[in-house]
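Quick one: dock chain against chain with the hints and give me the complex.
Letter by letter, the chains look like this.
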Amino acid sequence: MRFHQYEVGNFFDEMFSAEGCPRPAAQALVKTIESLPDGELLARQQAAERALLQMGITFNVYGEDAGVEKIFPFDILPRIVSGCEWNRIETGLKQRIRALNLFIDDIYHQQRILKDGILPKDLIFSAKSYREQCAGLNPPSGIWCHITGTDLVRNSDGEVYVLEDNLRCPSGVSYVLENRQIMKTLFPRLFASSRIRPVSNYPLKLRDMLESLAPEHIKKPRVVLLSPGIYNSAYFEHSFLAQQMGIELVEGRDLAVQDEQVVMRTTKGFERVDVIYRRLDDDFMDPECFRADSVLGVAGLMQVYKAGNVALANAPGTGIADDKVVYAYVPKMIKYYLGEDIILPNVPTYICSEENDLSYVLENLEKLVVKAANESGGYGMLVGPHATRQQCDEFADRIKAAPRNYIAQPTLALSRVPTLTGDHFEGRHVDLRPYILYGKELFVLPGGLTRVALKKGSLVVNSSQGGGSKDTWVLADGAPSESVATQRLEAVLPVV
Amino acid sequence: MLSRVADSVYWMSRYVERAENVARFIDVNFQLMLDEAGGPDRQWQPLVNTSGDHEEFNKRYGAATQENVINFLTFDATNPNSILSCLRKARENARTVREIISSEMWLQLNRSYLEVKAAAEAANWLDSPNEFFTEVKEASHLFTGITDATMAHNEAWHFCRLARMLERADKTSRMLDVKYYILLRSADDVGSAFDDIQWTAVLRSASAFEMYRKRHGRISPQGVVEFLILDREFPRAIQFCLVAARDSLHAISGTALGTFRYLPEKLLGQLCSDLSFISLEEIINQGLHEYLDDLQTKVNAVGAGIFETFFAFKAPQSQKKPARAAGQ
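Those protein sequence lines, which keep their order, are chains E and C.
All residue numbers for the first sequence refer to this note's numbering, where the first residue is 1 and numbers rise by one.
All residue numbers for the second sequence refer to this note's numbering, where the first residue is 1001 and numbers rise by one.
In silico BS3-like links for lysine-lysine, alpha-carbon gap of 27 Å or less:
1) E:Lys268 <-> C:Lys1266
2) C:Lys1298 <-> E:Lys268
3) E:Lys306 <-> C:Lys1314
4) E:Lys70 <-> C:Lys1117
5) E:Lys128 <-> E:Lys115
From the derived model, a few chain E residues whose C-beta atoms are all more than 10 Å from chain C:
6) Gly92
7) Pro198
8) Ser463
In case anyone wonders, no lab produced these hints; they're calculated from the structure.
Predicted model only: the values in this text are computed from it and were never measured.
We treat Cβ as the ideally placed atom computed from N, Cα and C, and that holds for glycine.
Chain C on its own, in the form it takes in the complex (with noise of 0.2 Å):
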């Protein structure tokens, strides 16, 4: 397929996913301000810090109200992560790749758009915030199995799972980074009810709290860590999502599994490799946030290597064919 609607398709489908994951970081905050003691404002400027673009709204916004945030994270135009950014930049991409894409993923993307578009001018959507977010989410759910059943699973198709499960992975780290940024500040209500509710907040960021309890029964910090970073079958752990990143991208190249031909292969190869061999212990060992942040590094390397290996412009190189006989 074309390197640019290789890119496109890569870049609608990461799209997509950030939109889910920013209306999951919201809607659980909301959820957490019903039954939370702390204050509510304390909960809110965690969530511009998993974004990764608090300067950005420090400079414009200040104060790290609700209002201040959700409007920042959800509806700001000139904030190119917030939901409506994300969802207005997968249908452009999907607006050069339709002839790619089937007219339901089309319909689907653009139906969720003009919907948040409407939300923005409308302004009422305060009155039900929960109902909104869940509308976000479950219009990208709606998106995937859409992709998932309309679409062969083509090249194309293993470009949008390769990007969805990337965005995955370093959304999942990102959540469980703040949250554990933020347990450690107050050591006071380690092992508290409070503590639990949070750890449940992050479970439920991730849609992982049910299957969680039947996996691992009791709340416990080591056990939410476990869950997300290392569990095999869990679609959101990060586990999960960077060997079907990575099933993808063999896919995609043709390279037998467990070798390499291209740099992303190497990369990711590496990267899961790490993961089924490391234990808990290891990575608490070396500091949470420190694992995290190292994760997300280099899961940013692998998207650069696939941007080079596969989008990137080359100029054709003319192969001189041998000298035609003459006298044709």
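In isolation and in its complexed conformation, chain E is listed as follows (with noise of 0.2 Å):
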């Protein structure tokens, strides 16, 4: 299969400096890929799909009586970086989760920043996502958002802006260990011989964390997680993450609050937990404590939180860094907390509810991205350039009424990477989401999970709306560009 009639386009390639010249880091995939026989690649892809329908990597379909599950549709090319672009992101990347978790930390304790005038006040009081109930928490060792999955975009001018930080229960990391599970079983050889940085030993790096955080006199930590259960659209993820680190998937009603501890039911009577890996929102973890309507949480397990007596990941109360408004202050932030100048840049963002960018934004919906400040998921989004003149009217009126629940950026043109569509590649937008752990050290995995806009032309990379993934593969510094042993070895190699 050849690439010679891929396109470009007027957008950033993430495998193509111009047509017919793969990247250095791509080339010896480029080759593999240029000495397999028509068909072969495509086949390879359907086994693919069969291996991930047959392994349940499935998403619910919401209110669908026949069960249907989807997979997360998985293109077989993967996106690729170099080391050295890496080791750059991943610097950043360590640079920014610092400075928030310092915001955060310091939001609910003296509120520093506010009164050195950095960030207004009313921003954090009016937050959706500002806990009160969590001013004065001492997580251990001062760290809130122990797990991370920060989005990046890469524009047509080619540099990386972050788009979203996720500090509360980011997923899909289970789609990138998988993943890559299935792409070396495609391509074993080209493995063998490219030196791609692993990401298998996340679920080992994650339980190491979550024990770190657990009191300190006890010896051998239990450490659950919990999961809204089977209904979530995120189970596979939650009871994929589980088995991987050997601990118990735990629902609201397993727990129970007992003698100022947490403990879970089991067939000998009640246990102890120590470390709650929470894969559910603040609001609905305790109903003495956040939403009283909840029953997928634990009566009382803000009070054993606040005794010390069990640790969460993540804290409560990350939430008010992921108010979008807020991350226009992250630049700010990270002068302020760490006295550096911001790595990987924001977007360029417009606050409404400061005059001069609401009267430039109110001119340029046409032009503009709008999103709410407290959604996420693509919900509360206008993409001005996709928008009828009547949506951006509505848009206007809501912007109007409630400023500081909107900001605008401008239209990326997000990069491209070559995507199988049928028989030939075509570029499809796509996005990353890498992921950080933050416990006695920050760990950044290396690669992360890129997302695709497999329609054509498309922008949005969600999977409810025709979003996929694709293996993203970090080279080692100074890994070896091509292999020319390699491409002999696996155009002969069986469809798995």
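Written out as structure tokens, the structure reads:
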């Protein structure tokens, strides 16, 4: 299968610097693929999809009686990141997470950043994700955001920008691990010769990090993963991670509070729980502290947490840093807390509660992407260039009614990666979500989830709207950019 | 382990075993029809009776034709005990305990479910019914084998075995019960070639034909009854199943064999002891149907006891600790 008709177009292409010109890090892959007989790649792609279905790597489609489950579509062409580019991304992410963590800790304690006038006070107290119940909390070692999934995008200028921070319960890492597993069975020789940085140790790192949060006097801490249950769309990931870490997957109804301890119901009675990796939003965690109507959480959990008898990852309250207006201040936070300049830039952001920005936004809606400050997952969004006049007008009214709740950003031309479409390749837009663990040290998983908008021309990578995923290969420093031995061996391998 | 998880593992295992047994019932009936002269339809009603869902069936389907019965027992998603429903529920349960069972077990169960579901939608399995039901059986064997070979033989594994063995004991008793009932109804056939064929069919339902021949030789009703209830070595015989279930129950609770701390240990221990010391004559004198009926009730009681002891929701009771010394 050949790339000779592949068009780079007016976008930054992650694999080709120009038509027919693979980037150095992608040369071995391009050669391997070009040496495959016709139809072979498609056959391997189909084998991969069958494997995903049989492994049950699916997400639930809500409201279907027949139990409709779909696989998260997977594209066989990986996205490749060179070693030196990754090093810069990694440094930038660590810087950002360190600053965001200091910010969260500050907000729930002295609020120095507000007193020093770096961030407006109103902004914090009007944020839906600010939790007054968290004021004065002291999570172990002062770490609040143990697991983060930062969304990165590359614009046509070639620069990598941070789009969102996702400090609450970021999902998707299970696809990273499964995609890699599948790619290894499909291209074993290429892996053997390419020095691609591994991701399979993520569950080990995650468990180590979680155990490190346990109260100090506990020798062998019991770690559990708290899931909303089987009907949650990310349930597969919850059970996958619990399995890979060798910890219990629990639901709220399995847990109870007894004598200032969190305990779980077992066949042998109640047993103590020390660390909870919760995949449940703050609001649902404890009906006594947050939403009283939640049946998913554990009554009294926060009392135990405050007493220091159980650790939660992530700590409650981290959502404040996910507010999209707060996001706009991250460069200032980095300067304020770390005294450094930001390494990975923010996407330029117009804050509608500021007068100048507001008038610019209202005049230029058709060019901008408008986002609601407290939403995620592509909800409450206006993509100006793809919207009708009427939609723009409606949004203008909403913005004027509540400027605090909106920000706007220029429409980015997301970078593209060649994607298998029938019998040829076409460029499709991608983003990248690396995963960062913060315990005793900061760890960035090399790579992350590359989401791809499979519909032609689409910029929306969400799985609910025709998005899929790709494996992300981060090459080791100084990895050979190509290997002739690889392509010959790969071409004769049978389809798995 | 978590009570909720133990509950799910238990039902996952029971449903897989149940699906296999439904396939056995149907498959052997097909076999019978191939050399039977007595008219096909009279063979199908007992199958519905075996499952215990005959009221539901009569209401919805009416006549017990081959097609109706097979549809009901195999692909009917509204029949909670059809093969499709059993595998769906087994898989749903497995999905909630994927972190407890091995990946291989999940893979196998998911594959079986997807295959049966595809067959239900394709509806061309009637071209080779034997092949289809054999596949269902083999899928269950594969699952059991994978369970034994890839899962630590820990508490969860014992819940799997406990569930499988209780389910199997119950289904073997039902198989025997229904066939005996048919035979009684046609007293003329007793001792005839047809009788032999019927009893052979019972044995085949339980994959017991060959093992029976090695042990008892001639086919006789008494021999079959003795073999399927009292044999200690044949893995689908009721005594074998209940002894294995008891061993697993004690492995879970840690209670010494021959004693009890929990109700299900007491009930199952008594049941095993009854089976050890009863003779075939006593069973026949009591009436086979009555005996089996009583046995099924007792097996159900063991199941209910297991639920109460290990799975049921219990609220925590705060144990008041002695007050701490002041001035800490």
